[in-house]
Amino acid sequence: MSAHFNRIIPIVYCMTAHTVEMSDSLFNININSTGADENTYDAIVIGSGISGGWAAKELCEHGAKTLVLERGRNVEHLKDYPTMSKDPWEFKHRGQMTKEFLTENPLISKAAGFGEDTAHFFVKDKDHPYEQEKPFDWIRGYQVGGKSIIWGRACQRWSNFEFTAPARFGYGMDWPIRYNDVAPWYSHVEKFIGVCGNKDGVEAMPDGEFLPPFDLNCVEQHVKNEFKRQFGRFLVQGRWAHLSVPNEIHTEQGRGRCLSRNLCMRGCPYGGYFSSLSSTLPWASKTNNLTIRPFSVVHSVIFDDKKQRAIGVRVIDTNTKEITDFFAKVIFVNASALNSSLILLNSTSERFPDGLGNDSGTLGKYVGFHLYRGGVGGEIDGFEDKYYYVRNPTEPIIANYRNLHQQDTDYVGGFTTFMSAYRSRGTQATDGSGIGQEFKHASTLPGKWKIYGYMQGETIMKATNHVRLSKEKKDQWGIPILVTSVGYDDNDEKMIKDFLTETSTMLERSGFKNIVAHDNKQAPGLDIHEMGGVRMGADPKTSMLNKWNQLHQCKNVFVTDGGCMTSTGNQSPSILYMALTARSANYAIKEMKKGTL
Amino acid sequence: MNRRQALSKSAAVLGGTFLATAGLLPGCAPKEVKVWSWSEQDVNLLDELGEVILPTTATSPGAKEARVGEYIRVMVKECLDEDQQKAFGDGMVAIDELSETKYKKVFMELSVKERHDLLIGLDNEAIAYDTKRKPGGERHYFSVLKNLTMEGYFTSGVGATKALRYVPIPARYDGCIEYTPGTPAWA
Ligand SMILES: Cc1cc2nc3c(=O)[nH]c(=O)nc-3n(C[C@H](O)[C@H](O)[C@H](O)COP(=O)(O)OP(=O)(O)OC[C@H]3O[C@@H](n4cnc5c(N)ncnc54)[C@H](O)[C@@H]3O)c2cc1C
Chain L
6 MSAHFNRIIP
16 IVYCMTAHTV
26 EMSDSLFNIN
36 INSTGADENT
46 YDAIVIGSGI
56 SGGWAAKELC
66 EHGAKTLVLE
76 RGRNVEHLKD
86 YPTMSKDPWE
96 FKHRGQMTKE
106 FLTENPLISK
116 AAGFGEDTAH
126 FFVKDKDHPY
136 EQEKPFDWIR
146 GYQVGGKSII
156 WGRACQRWSN
166 FEFTAPARFG
176 YGMDWPIRYN
186 DVAPWYSHVE
196 KFIGVCGNKD
206 GVEAMPDGEF
216 LPPFDLNCVE
226 QHVKNEFKRQ
236 FGRFLVQGRW
246 AHLSVPNEIH
256 TEQGRGRCLS
266 RNLCMRGCPY
276 GGYFSSLSST
286 LPWASKTNNL
296 TIRPFSVVHS
306 VIFDDKKQRA
316 IGVRVIDTNT
326 KEITDFFAKV
336 IFVNASALNS
346 SLILLNSTSE
356 RFPDGLGNDS
366 GTLGKYVGFH
376 LYRGGVGGEI
386 DGFEDKYYYV
396 RNPTEPIIAN
406 YRNLHQQDTD
416 YVGGFTTFMS
426 AYRSRGTQAT
436 DGSGIGQEFK
446 HASTLPGKWK
456 IYGYMQGETI
466 MKATNHVRLS
476 KEKKDQWGIP
486 ILVTSVGYDD
496 NDEKMIKDFL
506 TETSTMLERS
516 GFKNIVAHDN
526 KQAPGLDIHE
536 MGGVRMGADP
546 KTSMLNKWNQ
556 LHQCKNVFVT
566 DGGCMTSTGN
576 QSPSILYMAL
586 TARSANYAIK
596 EMKKGTL
Chain F
7 MNRRQALSKS
17 AAVLGGTFLA
27 TAGLLPGCAP
37 KEVKVWSWSE
47 QDVNLLDELG
57 EVILPTTATS
67 PGAKEARVGE
77 YIRVMVKECL
87 DEDQQKAFGD
97 GMVAIDELSE
107 TKYKKVFMEL
117 SVKERHDLLI
127 GLDNEAIAYD
137 TKRKPGGERH
147 YFSVLKNLTM
157 EGYFTSGVGA
167 TKALRYVPIP
177 ARYDGCIEYT
187 PGTPAWA
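Order-wise, the sequence lines are chains L and F. Each residue of the first sequence is one higher than the last, beginning at 6 in the working numbering. Each residue of the second sequence is one higher than the last, beginning at 7 in the working numbering.
In isolation and in its complexed conformation, chain F is listed as follows (with noise of 0.2 Å):
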């Protein structure tokens, strides 16, 4: 039984409710079991949370095939310090708890619609906390997650080479040219 089964059950036990309030209760047990590990599971659920954001489209595949998760594992976990490492893996957890309170059901096992769905309100939600937020302060988790997916995937093979143009070695610049509506940029 993986982590997500576990942290399912556990919902289903106790209610709805309870992951909604969980962190209002200091100290209470359950939430031991909603740590991020960065384990595999965590980073498909990565993968998934991407492909809601940027999704395998007719002119290009989506943020999974591109593993945004893998990137994103390695860039929070060397690059972001231990504070914002620990932020984003609990925002990771709070997007199972918002889908459990939502949905009954963890991320995972949301349907495509129930996904993009839940993700637009936290989306909203990022915005308008992020716009309020101090100077320096810290981003909402969920626009990290963005960020995170967005630079990995359009920096990745697949994001650069097929939902963008990449020229390794354009050998000319012109400085000027007709831009037909609908191409896309340059990686």
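Only chain L is shown next, with the shape it has when bound in the complex (with noise of 0.2 Å):
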């Protein structure tokens, strides 16, 4: 570690499980103060995700000795991916889920990629109880690694037009920072995850430090031509956080090159993909500076009123409900998004009787998510003699083209759009049979290329779509647990019409038949994109966070993760926590070095 760190002293309070439950006392207990160096770090990370695998080893590389705090159980990258290398007939259900899992699960089934094969990385609904005020689906994943397992790895920029836009057409407070002041730190993450992709030199998604792209197959490439030839619009190939040709630097992680298996979510092999197991925390703990404690709920960050700064974090422990308190001269709250704001609410002190840094009072205000309502698919004749090598791991990406420049459409925001062709299976048997020999012969044979495409728009935030902690209900940890209160608008419905007719017409246009346009009325939430509750923003009176994702009033407390967005953008949001956080991780580096902090 280094020497321009100074250490706090530290407190440890301990109780039994049994006390827990009467949670009005909570801490009024005795205090234990052995071992109380040991509970005193640099810096606290909180969450092993996406983001806080960043913070850490960020965090790590400059000196800092780092605690990273999550709540789940350990994940050992390999070690823990128990389905890895399993072919489809050792699952029971063959993927599927039982009807009694179902049955208990309602909520957690839902999600994109859960499965037979990666059910043991989604945490179960009973475990985990929100309240839904309006119909709210929280995907999560509690374990070390967080969702960073599981995800979907797409990785495409903001633009500027994002940045801009809630200001330009006055939907949504203004960003304090813009693209420039990211787009350094985009490259900085996409060097070192490895993102394919290809430079294709649109305005509307800005081009990165690629590794090579996976192709596009024969009618993907019809459908780029003919949308840049008739509209303008730009499909281009997945930008995906794959190692289609490794680096050095990857190597270096011990990661290997994809192989184009696309099982991602069941963990990789060879670490083909990037996941904060594979690839950010085994980096930050080659420093030495990193310690990880799994099975440790974070309770609160404390505050000193007496210090007027944050000391620290207390948590308790998954499994025995002790409580332990650990400190740190800076804490990063990278729980995702919700679970930050539920964090801060929860921490409450004289000066901040209403959650951490909350003068403003839009902690866990502002909530967005992603619309991803809309589905097209197609038909389409022709292209027989061509067929594809197996599967592509990523999926081709149209850029947004709506409200750019200007607003041209009766909504504000944009969308992304996924699209990708395939070969179906299964062609007419020649005898007409729909069983028997030649029935089976035709089902063995690719058939028909199909399409599909599915939107990711932007929402709206506003200050009705909110999560504030349950007055009543605790979960088994003492907290108050979360109420969700976030829906959709009429902005949304018009957007999703809109998506819904310019890619049907965009298919009708290229040759596709039998299109089928599908609002699919999921809730929100299921995007797995919810953002903001912490909102960064210029003005601490309607914000949470500086430029810096600094808390206003508590300088030392940084967040990081989707919590901090201002608005939602219409790109894949994981990239720009990681970048984010790595851009204020460096910063609080910075001024603790100039002892600011």
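If you're looking for bench data, these hints aren't it; they were derived computationally from the structure. Worth double-checking, as some hints may not be accurate.
Below, a list of computed lysine-lysine pairs in the DSS-like style, where the Cα atoms sit at most 27 Å apart [what the hints assert, rightly or not]:
{"no.": "1", "chain 1": "F", "residue 1": "Lys138", "chain 2": "L", "residue 2": "Lys526"}
{"no.": "2", "chain 1": "L", "residue 1": "Lys455", "chain 2": "F", "residue 2": "Lys168"}
{"no.": "3", "chain 1": "F", "residue 1": "Lys168", "chain 2": "L", "residue 2": "Lys97"}
{"no.": "4", "chain 1": "L", "residue 1": "Lys139", "chain 2": "L", "residue 2": "Lys129"}
{"no.": "5", "chain 1": "F", "residue 1": "Lys83", "chain 2": "L", "residue 2": "Lys91"}
Starting from two chains that each stand alone, build the complex the way the hints lay out.
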């Protein structure tokens, strides 16, 4: 550890599981000050997922002794991927969940990628209840690695259009930063995690530091040409966190080339895609500055009313429910957007009776998500002499083409579209039958080319879309459960309609038939891109965080997960969380060295 | 004596018409005999039914070798709700009933051709039924059987590796290659 950092005298609280249940008198307890020194670090990071992993990496690399607190169990890269190399027939239900499981877990079973092969990386409904004032599917992965194990890996950059749109078109508060502020940090992150893609020069989706892209297939290439020729719209190759061709920095992480199995969410035997388990956490660990503490539910950030600063974090052991306090100069809150709101709301003190740093009253408010309701499919004749070699682990992307320079629709915001073509399996049997020899043969052959596309649209963040702590209900750790009050609005409905019409038209004019446009009506949250609640802004009166992701009123606490988002944009958000995290961790290091933190 | 023999015996005693009309006579005692129990015989019957849908051919083994019966047993019992389970079991019993009406023999005793003809008829009936059904309505039991057979077969070791092309570790992705007619799809 670097000599620049001073240590704080730590205190340890101990109590029994029994007292935890009597939650009102929770912390009037005996103080045990032995072993206190062990509980003091330069930095504490709450959460070990995508953003927490990045905070840990940057902080550790710069010499900060860092404690990562993670509520879930430990998961070790490779060792704890029980299904990673299984063949389909090795799963009792060939990937499906049992009726009993579905009945007990109606919520989590809806999640993308959830199945018999990945279920162990998602939380079960009963274990982590919350209250939905309006329907909201909150999808979580509580373990070391968080949702980085099971994420979809799409990694497009935001453009300046998105950073400026809310202010330009008057539907939201302005961001305190611009694309240029994060561009170098996008590069920093891309180089390290490895993002494949093509430099397409599309203004609405800036190019990054790409590894070679995965091919388009022949129908996707056709679509790309037609969309460009007829509509001036851009379909580009997937920009995904995959090592198509690893660089030295990746092999140094112990990661290898993506072998296109496309079974990523089980954990990859080669480290072919980015997760904090395969990449940032082991990297941070190599510095000897990292301590990861699984089974550590963060209850709150401790604010010292005398020192007028945050001094540490209160932790409840997931299993024993024992309470321990940990101390540090800086605290990074990376528990994933809504959980970060929850922790801060639960961090009350004399100075901050409504939650840490919440003078503005905006904590838990301005929650957004991505519109995932629209989907379109179709078929195209021809191309029957063409196929592809097995599986593309990425998906092509249509860059947003709505409301860029000016508002050109009856709604605000834009949408990205993921679109992919494939050959279905099965043709018509030569004898026309639906059973028997000919039928069986026909069922083994590649059939017609089909296409699907689905939207990822911006939503408007507003104070009414919010989360708050339940006044009555607590979880098994004595922490108030979260109440979600997040819903759709009229802007969403208009955007969905436009997406469905436009995409259908584009496909129809590109030669597709039997086009089906569908609004799945799913609840918000199932997009798994929930954001906001601790938004960034220039003005402390209307926002929680400054442009460095510091709480305006408690500068040694940083929130760099999706909670910090001022607007939702329309790009897959995680790489922005990573870039913002790296940016603010480097800022924190600088300030610590200066002695201002 | 197994349940199927019992069934065929009672059918013989009562004459072929009984089974066809049994469903219309509520509370008719012999109905109890024909309860689907997921016994070994039932699972064997599923294998044989599956083999008619996806038979062994020159290029690959059929549904029986892929043990679809056992797969269907697990899936129906653990993944369908009780009403659906019951409808499925009743459907399987109905296949035997139909067989007895048409051929005066239970399904297991039919020739390969008879089995094929019987199920072709059921398949057509199921397609017609399903196209007419109300949105959200249950599908014909034969469609359920056929779907499970297809799923079970093509995700089995036999089906995936011998009928389809299974490449667990492709090591690369080529977006556009020539397709040679007649070669199977990727599993
Ligand atoms: C199936 C799926 C597909 C996705 N696809 C994409 C995609 O293609 N592109 C994209 O950009 N994003 C995608 N996402 C979203 C992405 O996973 C999240 O945006 C990302 O993981 C958020 O990072 P995070 O660090 O904020 O949270 P997480 O990765 O969820 O990590 C948060 C961690 O904090 C821990 N934690 C929570 N509360 C506490 C507490 N009180 N105390 C201690 N620890 C706590 C959790 O256990 C967890 O480990 C997808 C997600 C899923 C599930």
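Going down the list of hints, with the structure as the test:
1. At roughly 25 Å between alpha-carbon atoms, Lys138/F and Lys526/L fall within 27 Å of each other, so this suggested pair holds.
2. Between Lys455/L and Lys168/F the alpha-carbon distance is near 25 Å, which keeps this suggested pair within the 27 Å criterion.
3. Taking the CA atoms of Lys168/F and Lys97/L, the gap is near 20 Å; set against the 27 Å cutoff, the hint holds.
4. Pair hint Lys139/L plus Lys129/L holds up; C-alpha atoms about 20 Å apart against a cutoff of 27 Å.
5. Taken as a hint, the Lys83/F and Lys91/L pair is honoured in the structure, with Cα atoms around 23 Å apart against an allowance of 27 Å.
In summary, this structure violates none of the numbered hints.
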